[in-house]
Amino acid sequence: MAATDVKNTVPHMDMDRGGAFDFSNCIRNQAMCKMGAKAPRLTSTGTTIVAAAYKGGLVMGADSRATAGNIIADKHCEKVHKLTESIYACGAGTAADLDQVTKMLSGNLRLMELNTGRKARVITALRQAKQHLFNYQGYIGAYLLIGGVDPTGPHLYMCSANGTTMAFPFTAQGSGSYAAITILERDFKPDMTKEEAESLVQRALQAGMHGDNASGNSLNLVIIEPNETVFKGPIVPDFCKRPEPNDLTYKFQAGATKVLKHKTYKYDVVESMDISH
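Quick note: the sequence shown uses our numbering, first residue 4, plus one each step.
Rather than coming from a laboratory, the hints here were simulated on the basis of the structure.
It cannot be assumed that every hint is accurate.
[What the hints assert, rightly or not] Mimicking DSBU-like on lysine-lysine, the simulated pairs with C-alpha atoms at most 35 Å apart in a straight line are: (1) K106 - K192; (2) K78 - K37; (3) K133 - K85; (4) K192 - K244; (5) K254 - K244; (6) K264 - K85; (7) K58 - K235; (8) K122 - K85; (9) K122 - K106; (10) K106 - K133; (11) K85 - K37; (12) K85 - K41; (13) K254 - K266; (14) K197 - K85; (15) K122 - K133; (16) K106 - K58; (17) K192 - K85; (18) K235 - K106; (19) K254 - K106; (20) K264 - K78; (21) K78 - K192; (22) K58 - K122; (23) K85 - K266; (24) K58 - K254; (25) K244 - K197; (26) K58 - K133; (27) K122 - K244; (28) K58 - K192; (29) K264 - K254; (30) K264 - K58; (31) K122 - K192.
From just these sequences and the hints, can you work out the full model?
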């Protein structure tokens with residue numbers, strides 16, 4: 004299709020390019036679809052993962068619901084993956100891809116620690132993850148929060164499926180991250196205590212689980228400090244607990260119900276099976 008034909012078939016749209024939003028690419032997208040280009044497919048990661056740094060440590064957490072479309076496939080999916088004793092990764096995206104990528108990272112980091120005699124650093128785990136994911140250009144559906152504590156202090160990084168990485172003091176990923184990030188942005192403060200950071204991450208996870216159908220069931224937390232790492236979970240929020248059954252017990256005295264009609268059926272045993280031996 005010629006460019007003039009596209010211009011005639013695509014409706015003219017007057018867009019205001021000022022302000023906070025710019026929708027001018029809508030015309031370009033419509034033109035590309037008219038010329039036969041395939042529109043990008045939107046996918047939902049169906050997860051809430053959250054992490055926040057505090058003075059001397061890091062708290063990371065995730066929900067435990069895995070979905071297949073609109074079906075809850077697993078209520079106890081482990082999304083907090085151990086890479087080393089002091090480095091963890093929370094994953095959103097395709098569960099199988101996340102399992103394989105984190106297993107690969109864990110093995111590579113352990114081999115490096117054995118070869119060098121030193122503990123792996125968080126930036127090393129990030130670099131290995133981003134180089135591997137960049138090679139596959141997003142076809143490996145692994146969206147990671149990689150965090151931990153090494154000799155240089157606590158670190159938290161986000162790594163998307165196409166290899167894009169950024170460092171954050173706090174962040175959230177997944178389809179429930181929109182609700183979770185509002186709690187983080189409102190209540191995060193630098194140099195928090197461990198208790199404050201743990202409470203903040205837990206509240207952010209609960210907000211994401213409450214506001215997203217693809218997140219829920221329970222949450223898991225990991226608290227990473229220079230000398231120890233503590234894993235907590237599963238923690239089931241009140242709104243995820245099954246309500247107590249409110250069925251009443253009905254007890255009637257014998258003979259209280261009136262029998263209206265009796266009917267007797269006669270039958271002959273045509274074949275029987277001997278199960279005595």
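So, going through the hints one by one against the coordinates:
1. K106 - K192: 33 Å, holds
2. K78 - K37: 42 Å, violated
3. K133 - K85: Holds, at about 17 Å.
4. K192 - K244: 31 Å, holds
5. K254 - K244: 29 Å, holds
6. K264 - K85: Violated. K264 to K85 sits at ~68 Å, over the 35 Å cutoff.
7. K58 - K235: 20 Å, holds
8. K122 - K85: 14 Å, holds
9. K122 - K106: 18 Å, holds
10. K106 - K133: Answer holds: K106 to K133 is near 15 Å, not above 35 Å.
11. K85 - K37: Violated, because 47 Å separates the two Cα atoms, which is more than 35 Å.
12. K85 - K41: 38 Å, violated
13. K254 - K266: Judged against 35 Å, a Cα distance of about 26 Å means the pair holds.
14. K197 - K85: 20 Å, holds
15. K122 - K133: 20 Å, holds
16. K106 - K58: OK: K106 and K58 at ~29 Å, within 35 Å.
17. K192 - K85: 27 Å, holds
18. K235 - K106: 21 Å, holds
19. K254 - K106: 57 Å, violated
20. K264 - K78: 49 Å, violated
21. K78 - K192: 32 Å, holds
22. K58 - K122: Judged against 35 Å, a Cα distance of about 21 Å means the pair holds.
23. K85 - K266: 68 Å, violated
24. K58 - K254: 61 Å, violated
25. K244 - K197: Measuring from Cα to Cα gives roughly 27 Å; hence the hint holds.
26. K58 - K133: Within the cut-off at roughly 27 Å; holds.
27. K122 - K244: Cα-Cα ~40 Å, so violated.
28. K58 - K192: Since the Cα atoms of K58 and K192 sit roughly 10 Å apart, the hinted pair holds (cutoff 35 Å).
29. K264 - K254: 23 Å, holds
30. K264 - K58: 79 Å, violated
31. K122 - K192: 29 Å, holds
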